[in-house]
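Just so you know, the sequences run in chain order U and X.
Last residue of the first sequence? That's 437 in the working numbering, and every number before it is there in order.
Last residue of the second sequence? That's 185 in the working numbering, and every number before it is there in order.
Bear in mind the hints are in silico, worked out from the structure with no lab data behind them.
The structure presented is a predicted model; accordingly, all values stated were derived computationally and were not measured.
Be aware that a few hints might be false.
Label pairs and their computed distance ranges (CB to CB) [said to hold, decoys possible]: (1) F238(U) / R14(X): 44 to 50 angstroms; (2) D247(U) / V160(X): 49 to 55 angstroms; (3) S60(X) / D233(U): 32 to 38 angstroms; (4) D218(U) / R24(X): 30 to 36 angstroms; (5) T147(U) / S60(X): 31 to 37 angstroms; (6) D148(X) / R37(U): 51 to 57 angstroms; (7) E178(X) / E299(U): 58 to 64 angstroms; (8) G151(U) / G181(X): 38 to 44 angstroms; (9) K45(U) / D131(X): 16 to 22 angstroms.
Chain U residues, not near chain X, derived (Cβ > 10 angstroms throughout) [as the list claims (entries may be wrong)]: (10) Q28; (11) L72; (12) I125; (13) R231; (14) D268; (15) C275; (16) R284; (17) V295; (18) A306.
Pulled a few chain X residues facing chain U out of the computed Cβ check, cut under 8 angstroms [to be verified]: (19) L51; (20) R56; (21) L123; (22) L127; (23) L133; (24) P134; (25) P135; (26) H137; (27) Y145; (28) T170.
Beta carbons are placed, not taken as given, at the ideal position from N, Cα and C, and that holds for glycine.
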Amino acid sequence: MDCKQTAADLSARMDGETTAAPPAAIEQHLADCRDCRTLDADLHKQDTDLRAAFSRRRETIAHLADRVVHALREDHNPRPTVLRWWHLVGSIAAGFVLAIALLRPLPPANHNTTHTPVVASMLPIGHVALATGPLQMRADDSHPWSTVSAGTMIPGGSWIQTPSAVRCEIVLDDGSRVRLNGGTEIGVWPDRRVQLARGELWTSASEANQPMRLCADDLTFRANDAQFNVRADADHWFVTVIDGSPDVAGPDWDAPLQVGETMRISHDGVEDRYCEADLLLATRWMNELLVRRGVDDPELVGRIYALLAAMDHTQASAMYERELRLLGDGSAPSLVRFVRSYCSNDTAAARTCIQRKEAARILGDIAPIQTVPDLIELLQCSDTDVRYHAARALQRLTKVDLDIPAARFRQPQCDPCERVGHTWQRWWEESPDSAFP
Amino acid sequence: MVDGELVRQTLAGRTDAYEELVRRWTPRVTAVCYARVGYGSAAEDLAQETLVRGLRALPSLADHAKFGSWLCGIAIRTCLDWLKAKERTQVSFGTLARDKSPDEMFTADTAPADADAEHRDELDRLLAEVDRLPPRHREALTLFYYEDLSYQEMAEILGVSTATINARLTQARNMLRERMGAGEA
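Turn these sequences into a full structure, and let the hints steer you where they fit.
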């Protein structure tokens, strides 16, 4: 026997497992090999220490089990202030009436109809991540709508609707996101199925073993790792594919959907398809939600930069500028970063960058009070247009100009401008907190 | 009551039956998650997520008696998804009320009152070295010591042969022995 094999056998013997070599052979080798005897002793000592060490970690497991049980109990008896229809559930023996109240017809595929997934459907399958106002949720037609807000967990089999002026974003457990435009109603189920009853939604379907299914009447849109927007309109659906390769199936037909296209679809199939001129503008209804994700949200920042990049003094630029302005305060930090990134860059490309000048101009009009320090910094920019628009914004926000018009900041040399800059800095430092929203 | 019967009762609407399954299988599921992603709150979150996913997916379990191995399979897939995405896309159970974080639980006050401080430090160092092992070796060692599984049980969970289990444990122990200092471990 060699020592390498003996090491494996010593390990197995210590674990109470069958060894490759007969026990007698192992014993004989140990009698002849001091190194393996030392190894055997070390392994036993190590084994004792490992058992002691892991026993300490094992103590946390009991607490873990308690937490899971607690969570399951909470889901079975959720807080009634959030969902009033749970009151009925809480007062009835667990399971039986709930099965009647909550059971919804589910697609025959992937379901064992002899087992009613009553408990499974009560568990949350997602939550309302963002909302521009209160929205409504209910279990089914027999239950009244309850008002809910951002942060609400969504049980499987729930229906959600947005008032006409409210938009929301739902995040599902599988990582998929569904954004609802105003006046939209959807149902959500645990098996990656969403039903669009009316309105408009955008979805980013995460990648998974089975595709996400968006059902609209007798149509089914299937998507895996894809983004698309669907708007319902009487007997037609308008689908814009932003990313990925979803497809659509009707009662007796199916068709792939192409990225960058908008398609008009009816029960009979794809009636029309055309290249979507601008995906940014096609989904601009989501901007209000993106702003609520925070000024540093990557998707918001990316959208702002994309809008800026598209502004090239063509006719369409006015539309992009309008979208930037509608983003309001939410776009200001990104615009500042964009402008600032060019200020220290004295290349010809930077000097002639149209987008920088456009971004500065927009900032001049919409920059909020929180950007005062950034605007003061931009007074030092090598681009005179940037200095001018920064001065405009500062005059608008601080009401301080010392009789020096902002246009003076366009001059290469402006001695009085430095004085105004210092004054604005003092104003910022001395202003009370009440001056800021 | 055997697992199969608890599964049947759960599907009939008795959530207390699933609670029993949770208590029974939490150690194993946690061990699998620790083994896959390393010790820490992420593994515990993934273990909790596995247990809840198990409840949701229960109707799809064909052989109720194989609940345990089926649940471990879910745990492995959950961990793989997390490792692949490197982001918490699943519902984070960090929002669940918990009295202590795992680190707070794992404090000196949980150790025996007469524990030798130096020995505790040695055990801490040993665990740190376990966490530094290559993933497959850490996985095998963690599963073995957490749950005291047999080679056959580990082989079924990990989808390898018992000889492979033996080899990984042997190599893991050898690496620990070297890192901790021969003769001191």
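* Asked: Does H137(X) pass the interface hint, meaning its C-beta sits closer than 8 angstroms to a C-beta of chain U?
  -> With a minimum Cβ separation of about 12 angstroms from chain U (threshold 8 angstroms), the hint on H137(X) is violated.
* To do: Grab the minimum beta-carbon distance between D268(U) and chain X and tell me whether it stays above 10 angstroms.
  => The claim holds: D268(U) sits with its nearest Cβ about 35 angstroms from chain X, beyond 10 angstroms.
* Verdict for D218(U), R24(X) (Cβ pair) under range 30 to 36 angstroms -> About 45 angstroms separates the Cβ atoms of D218(U) and R24(X), which means 30 to 36 angstroms is violated.
* Far enough from chain X: is every CB of that chain over 10 angstroms from the CB of R284(U)? -> At roughly 26 angstroms from the nearest Cβ of chain X, R284(U) sits farther out than 10 angstroms, so the non-interface label holds.
* Reported absence of I125(U) from the contact zone with chain X (all CB gaps over 10 angstroms) -> violated (8 angstroms)
* P134(X) as chain U interface residue, shortest Cβ-Cβ below 8 angstroms -> Hint violated; P134(X) Cβ to chain U Cβ min 17 angstroms, cut 8 angstroms.
* **Interface hint compliance - R56(X) to chain U, C-beta minimum distance less than 8 angstroms** => Status holds, d = 5 angstroms.
* When the nearest CB of chain U is found for L127(X), is that gap smaller than 8 angstroms? -> Result: holds, 5 angstroms to nearest chain U Cβ.
* **Outcome of range test on Cβ distance (S60(X), D233(U); 32 to 38 angstroms)** => Between S60(X) and D233(U), where Cβ atoms are some 37 angstroms apart, the hint holds.
* Let me know if the C-beta of T170(X) comes in closer than 8 angstroms to any C-beta of chain U, holds or violated. => holds (4 angstroms)
* With d taken as the least Cβ-Cβ distance between R231(U) and chain X, does d exceed 10 angstroms? -> holds (27 angstroms)
* Do the beta carbons of F238(U) and R14(X) sit within 44 to 50 angstroms of each other? -> holds (47 angstroms)
Hint compliance for this structure: hints 2, 4, 6, 7, 8, 11, 12, 23, 24, 25 and 26 are broken, all remaining hints hold.
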